[in-house]
Structures are given as structure tokens and as C-alpha cells.
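Please model the complete structure; the sequences and the hints are all you need to start from.
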Amino acid sequence: MKFKSTIGLVCCLMTLQSCWLGGNDVEDPLTVNPPNDFYEPIIMQREEFETTTSFQTAPEPMMNTGKIYVKDNFIFINEKDKGFHIIDNADRSNPEPVAFLRVLGSSDLSIKGSTVYVNNATDLLALDIDTQAGTLEIKKRIANTFPQLRSPFGQTFWNLDENEIIVGWQISEDN
518 MKFKSTIGLV
528 CCLMTLQSCW
538 LGGNDVEDPL
548 TVNPPNDFYE
558 PIIMQREEFE
568 TTTSFQTAPE
578 PMMNTGKIYV
588 KDNFIFINEK
598 DKGFHIIDNA
608 DRSNPEPVAF
618 LRVLGSSDLS
628 IKGSTVYVNN
638 ATDLLALDID
648 TQAGTLEIKK
658 RIANTFPQLR
668 SPFGQTFWNL
678 DENEIIVGWQ
688 ISEDN
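Residue numbers (the numbering used here): 518 to 692.
Honestly, the hints are just simulated from the structure, not real lab data. Worth double-checking, as some hints may not be accurate.
Unchecked claim - Pair by pair, the computed Cβ-Cβ distance ranges are: (1) A575 with E654: 15 to 23 Å; (2) K584 with Q562: 24 to 32 Å; (3) E557 with P614: 26 to 34 Å; (4) E613 with F670: 12 to 20 Å; (5) N590 with N676: 39 to 47 Å.
What the hints assert, rightly or not - Straight-line distance between alpha carbons at most 27 Å, and here's what the computed BS3-like set of lysine-lysine pairs gives: (6) K629 with K588; (7) K584 with K629; (8) K656 with K597; (9) K656 with K588.
Keep in mind it's a predicted model, so treat the numbers as computed, not measured. For every residue, glycine included, the Cβ atom is placed at its ideal position computed from N, Cα and C.
Shown next, in the form of C-alpha cells:
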């Protein structure tokens, strides 16, 4: 019986040993040579960036969708880093795209009462949207709430001036 306990203990120790010994010997190729050179950031000056949020009464085609949010009779579908498709879902058998909320660098939103909270690249916006009138009011902007957008490979871009914002990433023309 003692022999079986010893073998079990040795196997357990060998398994645990693999968790901390030799784990850093092999370097991740993406860490050593990050593939950021495949992508380049789309950068805007803060002054221009703060004027880009808008409400478009014409829907846009869905190309690169993300998260979905449902509130009352509306569905909000994220178009990654561009904004949100607004779909009227009052007739559940025939949902109808009705508008597009343009918010650069966006990926998520939340709604409390009638206020829509959305990330706008590095900023947090509180919006009042009237879909009937087709209007949008930015109630509040909290600048630099979030970090700069990372590349599709998760790397950051460090050579930014204080008033520059990354609103997206595009494939580099050099590749």
C-alpha cells in the first residue's frame, strides 16, 4: 500500500513541477516578433474625433458584427469599431433595420432608462437617442476612460501624441 501512495505522490509532484519549471524556456513567437507590422492604427486628433458620433436615419449593411443588446422593441447590433445597427423588433416575425448609430471605436453599449452608454474608443458617452425624431444628444463625455484600442493581435501602439486617438486598425499597405 505504501508503494502505491509513493507512486501517486511522485506522479502528483511531477505534474505540479511542470507548471513552474521550464514554462518560460520557449518564447511565444508573437511576443518575440509581434505582428503589428501587418496592421497600422487609424488615428484621429481628439478635436475631430469628438465630432464623429452621429445618428443616421438610414440603416447600413452589416459587415463585421459584434455584441447584441436588446431593449424594449429595439435590437442594437455592434458593427465593430464603427457603431450600432438599430433594428425595430416590434413585429418579431419581421425585424426592420431603421437606423445606424455611428460611434467610432465602439464595441459595447448599455441602456439605463432612456440613456444609452457606449464606449467611443477611449471615451465613455452618455447619449439620448430619439429614434422617432432621428436625433442624438451627447449628454456627457468622460474622456480617456478606456485604454487605446489594441491591434487585432492584442498589441498596443505607443507612438501617440496626447491628443491622438486610435479609432481602428487597418492592414498595412506594406504587406
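Here's how the hints hold up against the structure:
1. A575 with E654: 15 to 23 Å: With Cβ atoms ~20 Å apart, the hint holds.
2. K584 with Q562: 24 to 32 Å: 28 Å, holds
3. E557 with P614: 26 to 34 Å: 31 Å, holds
4. E613 with F670: 12 to 20 Å: Violated - the Cβ-Cβ distance for E613 and F670, about 37 Å, lies outside 12 to 20 Å.
5. N590 with N676: 39 to 47 Å: For N590 and N676 the Cβ distance comes to about 46 Å; the hint holds.
6. K629 with K588: 10 Å, holds
7. K584 with K629: 17 Å, holds
8. K656 with K597: 23 Å, holds
9. K656 with K588: 20 Å, holds
Hint 4 from the earlier list is the only one contradicted by this structure; the remaining hints agree with it.
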